[in-house]
Every structure is written in C-alpha cells, then in structure tokens.
Amino acid sequence: AAAQRADAVVFATFLMPISGQGHLTVPAEATALAARLKTASRRMVVAAFGDPYGPASLPGSGTYLLAWQPRGEAAQRAAARAIAGRIPIRGRMPITLPADKATAIDRPALDARLTFAAPEDVGMDPFIFDRVDSIIQAGIVRGASPGAAVAVGRYGRLVMLRAYGDLDRRRGFGAVTDSSVYDMASVTKVVATTTALMMMVDQGLLSLDDPVKQHVPEWRGSPAKDAVTLRNLLLHTSGLAAYGPLWRELSGRDQYRRRIASMSLDYEPGTRTVYSDFGIILLGLIIEQVSGSTLDALLHQRVFEPLDMRDTGFNPLQWPYGRMDLEGNANGPRAMRDPLIARIAPTEIDTVFRHRHIRGQVHDENAFALGGVAAHAGLFSSARDMAVFAQMMLNGGFYDGRRFIDPATIAEFTRRQSDQSSRALGWDTPVDGGSAGSYFSASSYGHTGFTGPSIWIDPERNVFVVLMLNRVNPTRDNQRHLALRRDLADAVQTAITDLPAVRRSDATRNRPD
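Per the working numbering, the very first residue in the sequence shown carries number 924; after that it's consecutive.
Treat the hints with caution; some may be incorrect.
Stated by the list, open to error - Derived Cβ-Cβ restraints for the label pairs, each shown as a range:
#1 D1189 - F1039: 46 to 52 Å
#2 S1102 - L1188: 41 to 47 Å
#3 A1424 - R959: 29 to 35 Å
#4 S1102 - E1172: 22 to 28 Å
#5 A1061 - R1426: 18 to 24 Å
#6 R1325 - L1405: 20 to 26 Å
#7 P1017 - A1365: 38 to 44 Å
#8 R1000 - P950: 22 to 28 Å
#9 D1400 - P1423: 36 to 42 Å
#10 R1182 - A963: 47 to 53 Å
#11 A953 - F1039: 20 to 26 Å
Just so you know, these hints were derived from the structure itself, not from any lab.
Quick reminder that beta carbons are idealized off the backbone N, C-alpha and C, glycines included.
Please take these sequences and the hints and turn them into a complete structure.
Right under this line is the structure:
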C-alpha cells in the first residue's frame, strides 16, 4: 500500500559476497517481496550492498545500483545520494553480470541532471547522427528555416545537442548554436502557462473545475458563459473564438481582460474544440491574479532559475545581460556585438504593425501588445534549456534533487482527455500526419509554435526531441518546416533499438477495447 503512494521504491539487499563463486541467490521470500513491490510501485531501484550477482535477477532490477559494501554507513549514504542525484555515478563494473543484465541500459538516478551519452548507451542506433544531420541540412537548403538546433534525450541522457545553419540568411549573423535563443511562440502555452497552472493546482490555489466567472467577474452575459471552467480554457473547448487582431486597438492587460471577458461565445462550451489564443490569454491573467505575480516573474522564480535555464524567459532584450543599441535597434552594429542579442534568432519582417525585422521581441502581435509577457506566446528559449525542461517532465516533475510538479498532476495534464480531440490539458497528443510523425506512442505529448519550434515527449519509450526553428524568417508564408518536423520525429523513434518501432495507427488498430 505504501509503495502505491510512493514516487519510487528503493529495494536494498545486503548479501555477503563469496569470493570466486558469482552465483549467490537471493532468498525466495525476498524475491517474492520484490515482485510485489515492482507491481505496486511507479518506479523501483534495486541497490545491492555486497554480492552483485543475485540481486541482478530480482524483479524491478531494470534500474540497478551496485554499492558493494554490506557493512557500515558510508556506502549506504553514498548510494542514497547517488539515487537522489546529489552525486554523480562514475563507477564501472569490474565483473560480468548474467546475459540479460549485461546488456541492460545504465540509467541515471530518478531525478538526476541531464548528462551526455552515446546513442548505443541508451538503446539507440549511432546512425541517428547521420540521419538527423541529413534531414536538417536538407530542410535548410529547401528553405524551411535559416538554421536549426536539435536536442534528443533518452533515459535521462542527452544523445544529441546539435546546431545547423545560421540565425539569419543575411550577412553579419552568426551560426546557430545549442544556446541560440528562439521565439517559442505557442510552445509558451505548455512550457510556461500550463506548467504554472500545474504548480498552482498542486498547491490547491486553483482547480481545473473552477468557473471562469469565479476569478473574472466581468465574464458574464449568458448561462453558457457561466458554465465555462479553467478546464475548458485548457482544452480549447470554451466557446471563445480562435484569434483576432486585438493589437490594432488594445494594449495592456486590463484592456485585454475586459475585451475577452465581454466576448460572446461562438459555440456551446464543451461541444467543439477550437484552438483559441484568447482562452489561454485569459487563463494566464487568472494565474497572475491568484498568484499575485506576473507570469514571467512567477516562472523565473519557480521553474527557470531552479532548473538553471539561463536562456529562457520573456522579453530577452530586457534581460540583465542583454542590451539594444542606443537607437533601440536589435539589428544594429552594437547589437551585433552584444553577447546575448547576437544569439537571438530574428523572426519575420513585419510590414503591417512594427515595420521592421523582428528580433528579440515577441513575434505574435497580441503578445507584443500585452507587453511581451503573455500566456499564449512570448517565451524565448534555447535547445539546451528545452532539453532540461523535457527531462524534468519525463522524470515526473523531478530534476536535480527537487520536485517541481507532482507526478500524478503531470500524468493527468498530459493525458488525452477525450476521443473527440487530440487535446490534453494545455498539451497536445500525436495525430496522424502531425508534427510527432508516425511513431511517437499514443501516450506522448507535445506542442508546436507558429515561429517553428516544437517539443515532443514520449514517456512510454522514454525519449524526447526538441526542434528550434525560425521558419517565419523572413515570412510566415513558409510551410516547408512541416515535413521537417515529421521526418525528425520519425528519425528519432526509428533509431531506438531496444524497443520495436510501431506505427501509432497500427498500435491503435490492434489495441483491445
């Protein structure tokens, strides 16, 4: 019963080694207990103090730590710190385990920091490098984006962190790096807004079933509006319109709040799914009101700074180590020399609103009118930082010895909510022909951004892929990035060697009712 409630179970064995034998067995009652714990627990670690051979065959020993010393506190304290991710695990086995364990994948501690590993160390084909290189470089040549950055991780290890092409096709712009800063557009909805809401749900400050009118008194006008909840906003089933150019006449949070709250609904809430920026903008304003903090400050304090995501946040031209030139020009001579601005990928040539090539300011016009900090767009980040965030999510909300979000909350928010739509809570799930390609499992979740970036996380196959693009440079009419996203996702999934690559549509057809 306790194992069912626990985030993880550590099963420790203390067997005296017998020199030269290598076949010591674990008592039958201990094996039976391990089997029961493995069935009941979310995650299990077997830690062997003393004999290494017998415990390797225990149920649940897929994650197996050898600590060697059966007596004294030193090994136990070191093992506890290692499992918690407080110290690195650098040991190498001087023995050969049974065949089924000799090929087991060495996985890091449950909440450890990302470290680099070769593909073959995490059950992936080393040819993944050639495949991904070919796909990205071909996409750049075809005009999908001036450049790109890719991060791929599996089993808590970073397999790829590579950059391609340039930040801009114009002269004077540098090459993309893994720390180049991109406008994340609608990826903001999940990495920023949904994450903030998950933490507030964990704290009991907000509930998914809270009526919007409870937090926004201006939200009134019909019985249908009275029934709209925060869950509807996250699922894009609120009845609100998808989008509108409010930036032509509005600016600031108060004006947007009043206008969205006064909108009539386009359809009966819960009967359709219409991807709506307005619903997420309103959700962000509710989060700010209840938390007493702006979205950017809340996330910096609670998520980005603790995760050491130094290149993630809103309004990068206002970051302490970022400056514009004296004319406020993010493309001017001084800006080219600024160490931060030189890493920011420009987006579109805006011929309608701001009348310049946008760089370091949010591409989305409504987000710009909201001051650059909005729930639907405005976040900037790098491939390196997004890899850390993706791993925290794969860890069930844990990273570097800290718990950011309850695992049960992540499981609920990332689960497809109905058969009528692909939507999870804030997040999306794979569909045929979508950006997750053909092989990300049905339990996967992710999101894309209008400017080009995407993130997909597969808990079933323990893998994530991050793609950073500025495909709107110089125009949003470019659609060549769509095939690039799918091809990259397929290349990552088909590089996995320890699990079969099954087309998601085939798996769905074969699934019993």
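Worksheet item: So which of those numbered hints doesn't the model satisfy?
Response: 4, 6, 11
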